[in-house]
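Peer 1: Okay, here's what each chain looks like letter by letter:
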Amino acid sequence: MPREPAWRVFSAEYNSSKHYIKATEPKKPSYVITPLGAKISRLFVVGVLTEVRLITDEIVKARVADQTGAFYILAGKFNPEARQILETVKVPQFLAVVGKVNVYQPEEDTMYLSIVPERVKVVKEILRDYWVFDTARRLKIRIDAINEALKMENPTVKSLVELGFSRKIAEGVVAAIDRYEKINVEKYMDMLKDALKHLLPEYKVLGYELPTVEEEEEEEIGGEEEEMILKLIDELNVDNRGASYEDLLKRSNLSPERLDEILISLQEKGEIYEPYLGRFKRI
Amino acid sequence: MDEIEKHVEDIYRALDGKVEREVIARELRNWIVNFKIPISEAKRSIVSKLGGDPNKLVGNERKIEALRSGEGRVDIRAKVISINSREYEIDGIKRKMYYGILGDETGTIPFTAWRLELELRKGDCVEIKNAYTKEWQGSPQLVIGTNTRVSLLPPDSVRVKLSISPRKIVELYPRMGLVEVTGKIMDVLEKEVVVEGVSRKVYEGIIRDDTGEIPFSAWDVEVKKGDVLRISGGYVRTFRGMPQLVFDPRATITKEKIDFEIKEIPVTLESLEGKGGYNVLVEGVIIDVKKGSGLIYRCPECGRVLSSTNCPEHGKVTPAPDMRIKAVLDDGTGAAICIFNREQTERIIGISVDEALRIVQENLGNPTVIREIIEEKLIAVPMKVRGNAISKEKYGLTILVKDFQFLDLEDIAKKAEQMLQDLG
Numbered sequence: 001m002p003r004e005p006a007w008r009v010f011s012a013e014y015n016s017s018k019h020y021i022k023a024t025e026p027k028k029p030s031y032v033i034t035p036l037g038a039k040i041s042r043l044f045v046v047g048v049l050t051e052v053r054l055i056t057d058e059i060v061k062a063r064v065a066d067q068t069g070a071f072y073i074l075a076g077k078f079n080p081e082a083r084q085i086l087e088t089v090k091v092p093q094f095l096a097v098v099g100k101v102n103v104y105q106p107e108e109d110t111m112y113l114s115i116v117p118e119r120v121k122v123v124k125e126i127l128r129d130y131w132v133f134d135t136a137r138r139l140k141i142r143i144d145a146i147n148e149a150l151k152m153e154n155p156t157v158k159s160l161v162e163l164g165f166s167r168k169i170a171e172g173v174v175a176a177i178d179r180y181e182k183i184n185v186e187k188y189m190d191m192l193k194d195a196l197k198h199l200l201p202e203y204k205v206l207g208y209e210l211p212t213v214e215e216e217e218e219e220e221i222g223g224e225e226e227e228m229i230l231k232l233i234d235e236l237n238v239d240n241r242g243a244s245y246e247d248l249l250k251r252s253n254l255s256p257e258r259l260d261e262i263l264i265s266l267q268e269k270g271e272i273y274e275p276y277l278g279r280f281k282r283i
Numbered sequence: 001m002d003e004i005e006k007h008v009e010d011i012y013r014a015l016d017g018k019v020e021r022e023v024i025a026r027e028l029r030n031w032i033v034n035f036k037i038p039i040s041e042a043k044r045s046i047v048s049k050l051g052g053d054p055n056k057l058v059g060n061e062r063k064i065e066a067l068r069s070g071e072g073r074v075d076i077r078a079k080v081i082s083i084n085s086r087e088y089e090i091d092g093i094k095r096k097m098y099y100g101i102l103g104d105e106t107g108t109i110p111f112t113a114w115r116l117e118l119e120l121r122k123g124d125c126v127e128i129k130n131a132y133t134k135e136w137q138g139s140p141q142l143v144i145g146t147n148t149r150v151s152l153l154p155p156d157s158v159r160v161k162l163s164i165s166p167r168k169i170v171e172l173y174p175r176m177g178l179v180e181v182t183g184k185i186m187d188v189l190e191k192e193v194v195v196e197g198v199s200r201k202v203y204e205g206i207i208r209d210d211t212g213e214i215p216f217s218a219w220d221v222e223v224k225k226g227d228v229l230r231i232s233g234g235y236v237r238t239f240r241g242m243p244q245l246v247f248d249p250r251a252t253i254t255k256e257k258i259d260f261e262i263k264e265i266p267v268t269l270e271s272l273e274g275k276g277g278y279n280v281l282v283e284g285v286i287i288d289v290k291k292g293s294g295l296i297y298r299c300p301e302c303g304r305v306l307s308s309t310n311c312p313e314h315g316k317v318t319p320a321p322d323m324r325i326k327a328v329l330d331d332g333t334g335a336a337i338c339i340f341n342r343e344q345t346e347r348i349i350g351i352s353v354d355e356a357l358r359i360v361q362e363n364l365g366n367p368t369v370i371r372e373i374i375e376e377k378l379i380a381v382p383m384k385v386r387g388n389a390i391s392k393e394k395y396g397l398t399i400l401v402k403d404f405q406f407l408d409l410e411d412i413a414k415k416a417e418q419m420l421q422d423l424g
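Going line by line, the protein sequences match chains E and Z.
Take 1 as the starting number for the first sequence in this note's numbering and just add one per residue.
Take 1 as the starting number for the second sequence in this note's numbering and just add one per residue.
Simulated crosslink set (DSSO-like; lysine-lysine; CA at most 27 Å straight-line):
#, chain 1, residue 1, chain 2, residue 2
1, Z, Lys96, Z, Lys275
2, Z, Lys415, E, Lys140
3, E, Lys158, Z, Lys134
4, E, Lys250, E, Lys231
5, E, Lys140, Z, Lys414
6, E, Lys22, E, Lys77
7, Z, Lys402, Z, Lys290
8, Z, Lys394, E, Lys100
In case anyone wonders, no lab produced these hints; they're calculated from the structure.
Please model the complete structure; the sequences and the hints are all you need to start from.
Peer 2: Set out below in C-alpha cells:
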C-alpha cells in the first residue's frame with residue numbers, strides 16, 4: 001500500500017470543501033474532496049501560528065494562517081508531541097504541520113474541517129515562502145485539469161490521464177466535478193496570484209508578514225451580541241452537551257463569520273468553552 | 001460429461017444443425033480419447049470434416065486489437081510473447097501469479113494470470129476461454145481468472161503482429177507490451193547462464209536516454225559499453241523491485257549516433273508507485289523520521305540490525321555501532337522512505353558515530369536522543385534525493401539514497417515573479 005501523499009493546498013480551498021469520502025474499513029484512509037479536485041487524506045502546511053487555545057485538558061486547538069485564511073489544527077491525546085509544541089510556542093510563529101484530515105459533519109450540508117497533526121515544527125520564514133510557491137504551482141495544475149475537464153462532455157479519469165495529468169489529479173478532478181455543482185475556477189486563480197504576489201520583495205517591505213494576527217483582532221466585538229449569544233448558549237444547552245453551532249447560527253441570525261468572531265472572543269474572555277467540536281458551554 | 005455436451009453443441013451449431021448430435025459426439029470422443037487431440041483442435045477438424053466452416057466455431061473469440069477495458073467472457077487465440085512469475089501471499093499461503101504479453105495477428109496485450117494449470121512458456125500458442133479485461137495503466141489488460149480455461153494449441157498456429165511503441169525510459173513500466181527504446185549503454189557485464197541444459201550468454205547493464213536510466217538484460221545479444229542502440233521489440237519486467245528492460249535476438253537492434261545527457265528534472269513519486277525506478281531523482285519535503293533512525297547496532301557477521309547482543313543467526317555477538325536514517329520524503333504526489341547510510345547521516349547531523357555514542361552515554365544510554373537530533377535537522381526540510389527506488393506492494397516505495405542535496409530556497413521570490421508573468 002503506497003503511503004497517502006501530503007497534499008499542499010491553501011486553507012481557503014481546504015476549508016471550502018463540502019464533500020467527504022469516509023473510509024469503509026478500518027485503517028483505510030478517508031478523503032476530503034476540495035472544489036478544485038484535491039483528494040486529501042494527509043496535508044503538509046506551512047503558515048503562521050496565530051492562536052492556540054486549550055479546549056479541554058486533552059485537546060488543543062490552534063490556527064495556522066496562510067495568505068488565504070487559516071487552518072484549524074486539533075491536537076488531542078493521540079498527538080502528544082504536537083500538542084506539547086503547540087502549548088509551549090509563542091504566537092506569532094512560522095509553523096510547519098503534517099497531519100490527517102479531520103471532518104466534523106453535524107448535518108449533511110455542514111462540514112467543519114481541521115487537521116489532526118502527526119508532526120509539528122517551528123520553521124523559518126523562507127520555508128513558508130517555499131510552501132506558498134509550491135502550493136501555488138500545484139494549484140495551477142489542478143486549475144488546468146478542472147478547465148480541461150469542464151470542456152469535456154463526460155470527463156473521465158482516463159481522458160484526463162491521456163492529456164498528461166497524473167492519475168491522482170485526474171481522480172480528484174473527476175470526483176470534484178461529480179460532486180460540486182459549480183466550481184468557481186476564476187476565484188481560485190485570483191487567490192493563486194494573490195498568494196504569489198506576497199512572495200515578491202515589494203510586498204515584503206510593506207510589512208505584509210503577519211497580516212492575519214492584526215486582522216483578527218481588529219474588529220471590536222459588540223457587547224450586546226455577546227450577551228445575546230451567552231443567553232442562547234444557556235437556552236440551547238439541552239442535553240448538557242452544550243449548544244450546537246448550527247442552533248446558535250439559526251437562532252442568532254448572525255452571519256457565520258460574525259458568530260465565529262463572537263464565539264472566539266467569548267472563549268478568549270473565558271466565558272465559554274467548546275467541550276466537543278461545534279458545541280459551546282458556559283464556564 | 002457436461003463439458004463434452006457443450007462442445008458437441010458448439011459443433012452442432014457451427015454445422016447449422018445439419019449433422020446429428022450423436023454423430024458429432026461419437027466423432028469427438030474418437031478424436032480426443034483415441035487420438036488425444038486438444039479439444040479446440042478436434043472441434044475445428046470435425047467441423048471441417050463434416051463439411052462446415054470452422055470459423056463459425058468462434059463463439060466469443062475476439063481479436064486483441066478490438067479488446068477494450070472492462071469486457072467479460074473473452075475468448076482469444078494468442079501466442080505467449082513473454083511470461084514472468086511473481087510470488088505473493090494470501091492468508092499466509094504462498095501463491096504464484098504470472099504476467100506477460102500475449103499477441104495475435106492484430107496486436108499485443110499484457111496479461112495477468114492468478115492461477116495457471118499448465119506451465120506456459122514463451123512462444124507457446126494458446127486458446128484462452130472466458131477471460132476478462134480490465135484497465136491497467138490506462139490500457140486494457142487481459143486477466144486469466146479462476147473461471148478461465150487455457151489450453152495449448154499446436155506450435156506456431158498463431159501468427160503475431162507486433163505493435164511496438166517507441167518510449168522514453170522514464171515512461172517504461174512492467175507489462176506494458178513491446179517497446180522500442182533508444183539509449184546509450186552505460187555499463188555492461190557478460191554472464192554465462194545455463195537454462196534447461198543450454199548455455200546462454202546474458203549481458204546485463206544499464207542503458208540511459210535523456211529522461212533516465214534502466215537496468216537491462218540482453219539474451220544472446222552482444223552489447224558493448226558506450227554503444228548507442230535502438231532496441232525495437234524489448235519488453236519490461238520487474239526485477240528487484242525496479243523495472244528492467246529485457247530483449248533477445250528477436251528484437252531489431254540498430255546502432256545510432258546520438259549521445260544522451262540525463263536532464264536533472266525530478267520525477268514525481270506518484271510516477272514511481274507500483275514500479276520503482278533505477279537511479280531516479282526526486283524532490284520533496286521530509287515529513288517524518290521513522291523508528292530505527294539514528295544510532296543502531298549491527299551484528300558484526302551479517303550486518304543485521306540487533307536490539308540485543310543476540311543475533312538470530314550468529315548467537316552471542318558484540319554488536320557494532322552504526323548510524324542510518326529512515327525518513328519519509330513526500331512531494332505532494334506520493335511518498336517514499338529514504339534510507340541514508342552512515343556517511344550521509346554524519347553529513348546531515350554533523351555528528352560521527354563515536355560522538356553519537358558519547359552523546360547517548362551522556363543521556364543515560366538513551367539512543368532516541370540521536371533520533372531527536374535528526375528530526376530537528378530534517379523534518380519539514382525540502383531536499384533532492386537520487387537513488388534506486390524499490391517498489392514493494394506491502395511497504396510502498398523505498399529509496400536507497402545515493403546522493404542528496406538540500407534545496408536552495410533563496411530564489412523563491414524570483415520563481416514566484418516568473419510564475420506570475422507566465423500567468424499573465
